[in-house]
Amino acid sequence: MATEEKKKELLEKLRNAVIQYDEDTAKEAANEALAVGLEANDAIFNGLVSGMVEVGKMFEAQEYFVPELLMCADALYAGLDILKPHVQQLDLGVKGSVVIGTVEGDVHDIGKNIVKMMFDVAGFTVYDLGRDVPLDKFVQEQLRTDSDLVCLSAMMTTTMTGMKKVIDDLRAKNPNVKIMIGGAPVSQDVADKYGADGYAKDATNALKDAINMIESLKKMKDEVEAKKAK
Amino acid sequence: MNSRERVLKLFAGEEVDRPPCFSGMGNVTTEGLKSLGQNFAATHLDAKMMAKAAASTYRLFGFECGVAPFDLCIEAEALGCEINVYAHSEDLLYPTIKKKLIHNEAEMEISIPGDLTTRGRVPLMLDVIRLMKKDIGGEAAVGSYVLGPFTLAGQIMELNDLLKLSFKKPDKIGKLLDQLSGVIILVAQEYEKAGVDYITVREMGATSDVLSPRVFKSLILPYLTKIFAKLSVPSVLHICGKTNDIVPFMAESGAKAVSVDQKNDVAETRRKLGPKALVFGNYDPYNVLVAGTPDLIRTTIKKCMDDGVSAVWPGCDIWPTVPPGNMKAMMEVVQNYRR
Numbered sequence: 125m126a127t128e129e130k131k132k133e134l135l136e137k138l139r140n141a142v143i144q145y146d147e148d149t150a151k152e153a154a155n156e157a158l159a160v161g162l163e164a165n166d167a168i169f170n171g172l173v174s175g176m177v178e179v180g181k182m183f184e185a186q187e188y189f190v191p192e193l194l195m196c197a198d199a200l201y202a203g204l205d206i207l208k209p210h211v212q213q214l215d216l217g218v219k220g221s222v223v224i225g226t227v228e229g230d231v232h233d234i235g236k237n238i239v240k241m242m243f244d245v246a247g248f249t250v251y252d253l254g255r256d257v258p259l260d261k262f263v264q265e266q267l268r269t270d271s272d273l274v275c276l277s278a279m280m281t282t283t284m285t286g287m288k289k290v291i292d293d294l295r296a297k298n299p300n301v302k303i304m305i306g307g308a309p310v311s312q313d314v315a316d317k318y319g320a321d322g323y324a325k326d327a328t329n330a331l332k333d334a335i336n337m338i339e340s341l342k343k344m345k346d347e348v349e350a351k352k353a354k
Numbered sequence: 172m173n174s175r176e177r178v179l180k181l182f183a184g185e186e187v188d189r190p191p192c193f194s195g196m197g198n199v200t201t202e203g204l205k206s207l208g209q210n211f212a213a214t215h216l217d218a219k220m221m222a223k224a225a226a227s228t229y230r231l232f233g234f235e236c237g238v239a240p241f242d243l244c245i246e247a248e249a250l251g252c253e254i255n256v257y258a259h260s261e262d263l264l265y266p267t268i269k270k271k272l273i274h275n276e277a278e279m280e281i282s283i284p285g286d287l288t289t290r291g292r293v294p295l296m297l298d299v300i301r302l303m304k305k306d307i308g309g310e311a312a313v314g315s316y317v318l319g320p321f322t323l324a325g326q327i328m329e330l331n332d333l334l335k336l337s338f339k340k341p342d343k344i345g346k347l348l349d350q351l352s353g354v355i356i357l358v359a360q361e362y363e364k365a366g367v368d369y370i371t372v373r374e375m376g377a378t379s380d381v382l383s384p385r386v387f388k389s390l391i392l393p394y395l396t397k398i399f400a401k402l403s404v405p406s407v408l409h410i411c412g413k414t415n416d417i418v419p420f421m422a423e424s425g426a427k428a429v430s431v432d433q434k435n436d437v438a439e440t441r442r443k444l445g446p447k448a449l450v451f452g453n454y455d456p457y458n459v460l461v462a463g464t465p466d467l468i469r470t471t472i473k474k475c476m477d478d479g480v481s482a483v484w485p486g487c488d489i490w491p492t493v494p495p496g497n498m499k500a501m502m503e504v505v506q507n508y509r510r
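One line per chain: the protein sequences are S and P, in this order. 125 is the number of the first residue of the first sequence in the numbering used here; add one for each residue after it. 172 is the number of the first residue of the second sequence in the numbering used here; add one for each residue after it.
Among the hints, erroneous ones may be present.
Some, not all, of what chain S presents toward chain P, calculated at C-beta under 10 Å [stated by the list, open to error]:
hint, residue
1, MET195
2, ASP198
3, GLU228
4, LEU253
5, MET280
6, GLN312
7, ASP316
Covered, in the sense of this in silico footprint (three residues per stretch, anywhere, with C-beta under 8 Å from a C-beta of chain S), are these stretches of chain P [what the hints assert, rightly or not]:
hint, stretch
8, 259-265
9, 321-334
For the record, the hints were derived by calculation from the structure and aren't laboratory data. Glycine is no exception: its CB is placed at the ideal position from the N, C-alpha and C atoms.
Required output: the full structure, derived from the provided sequences and hints.
Written as structure tokens, this is what we have:
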């Protein structure tokens with residue numbers, strides 16, 4: 125087992141590799157972490173994700189812009205790919221599956237990919253439909269995979285209105301599914317109007333909201349099953 | 172003073188009775204399409220239909236211009252990209268690029284076709300401009316738009332690659348932007364020959380929501396400057412999203428007017444650029460014009476003018492489903508405004 129000091133050093137190295145968008149160092153640090161017996165889960169959350177949280181702050185402060193954000197995400201994935209197969213148990217306490225995509229007419233997927241990354245690190249099973257996704261496809265994929273959550277993204281006002289249709293369709297077919305929307309033109313107001321369960325201002329909030337939603341969904345299911353058992 | 176005279180005088184720096192209410196971007200409405208019995212998807216592919224649709228917002232509401240095209244794919248298509256007009260869909264969907272030209276960094280060496288202005292829908296656009304001129308050109312300003320080089324680059328290659336390479340390999344991106352500036356100049360000059368009164372260059376990919384002002388200045392501004400130096404009709408540079416930090420650079424580009432959206436603090440921009448600069452903007456064309464009440468429209472439009480816009484102009488394309496009563500409310504508040 126690694127000493128506390130070595131452990132701290134490696135977590136710091138992972139964190140900085142993400143912040144400094146250094147893919148090679150992220151890989152190196154991930155391998156070292158495994159070699160000295162650091163928990164993969166620890167390395168992901170207290171190393172890589174901690175770096176990404178800092179990147180988020182720098183983005184908000186306009187020290188970093190989208191190109192830097194994308195490069196940081198590459199570094200995070202470089203480390204994650206190595207660590208993920210070794211994850212024993214995720215300590216988020218909730219697992220779920222999610223269908224995610226950018227609605228038809230919209231070919232912008234950068235925001236969607238950042239949100240997807242947050243689900244990946246949290247250990248969700250992600251069904252990524254990509255971009256310019258025909259509206260029916262979201263409903264079909266949710267039914268096929270029985271996912272807990274559907275995330276819709278639209279970068280342009282001109283495509284945002286398509287989300288309403290998907291939401292109505294999903295509700296009709298599966299009233300229990302949780303739906304989250306995001307993208308530049310989306311606001312809490314739009315989410316309310318369209319009947320979405322959540323609206324993601326940014327990737328970190330998306331993940332927090334998603335976990336809350338799935339928790340409440342699980343609770344609901346448990347209650348229903350408890351009633352049935354009686 | 173009719174609408175065309177008002178717009179041209181404004182561009183020429185002469186006195187106008189009030190700010191014009193027009194746009195350099197798409198402003199076709201569902202109401203207009205309905206009055207013509209036209210389907211949106213088909214309208215992108217037929218010169219007569221496009222010209223009629225573009226004139227309909229002036230005809231129905233007195234909006235002071237006719238602008239075509241309605242999508243952002245003309246230049247990319249001429250370069251060889253395939254587009255999707257979503258002919259199957261009953262929803263209003265704007266055409267997008269289906270197949271890109273550059274799929275990875277290794278494919279960035281492109282050659283510009285010599286017959287560029289006869290490819291894709293460029294010839295159709297020239298017909299549209301001539302038809303619009305004949306139809307409403309005596310009364311309303313006739314305009315068109317091209318993309319800025321960075322936004323065009325985002326149409327022909329993966330945005331993900333473009334953004335990362337702008338950071339990692341600016342020289343390589345600079346070379347592509349230089350080539351694309353040549354493309355944009357060629358297309359815009361054809362539009363000028365066909366008779367447009369003004370041209371808008373839409374460089375929304377370079378907003379400060381995405382790129383740092385530093386990268387905007389070093390990597391993109393030089394090519395915008397190159398484009399505006401070659402245009403002879405009045406020109407507008409439009410960038411949406413966060414722009415307060417880059418408006419001085421936008422003004423430096425040589426564009427006659429700077430166009431910004433609702434995220435811009437126009438009062439501050441006015442202070443920065445001085446009383447003579449032409450600043451167009453900056454109402455939200457969806458949340459205010461389409462989804463807002465006539466009351467919200469009146470207060471928003473009045474605020475734009477109080478803040479100092481030279482023309483009342485939307486932050487982006489007007490979303491077609493705008494209720495006729497909302498268009499009317501906007502036109503009335505501008506027509507009755509006195510500084």
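**Prompt:** For which of the previously enumerated hints does the structure constitute a violation, in increasing order of number?
**Reply:** 4, 6, 7
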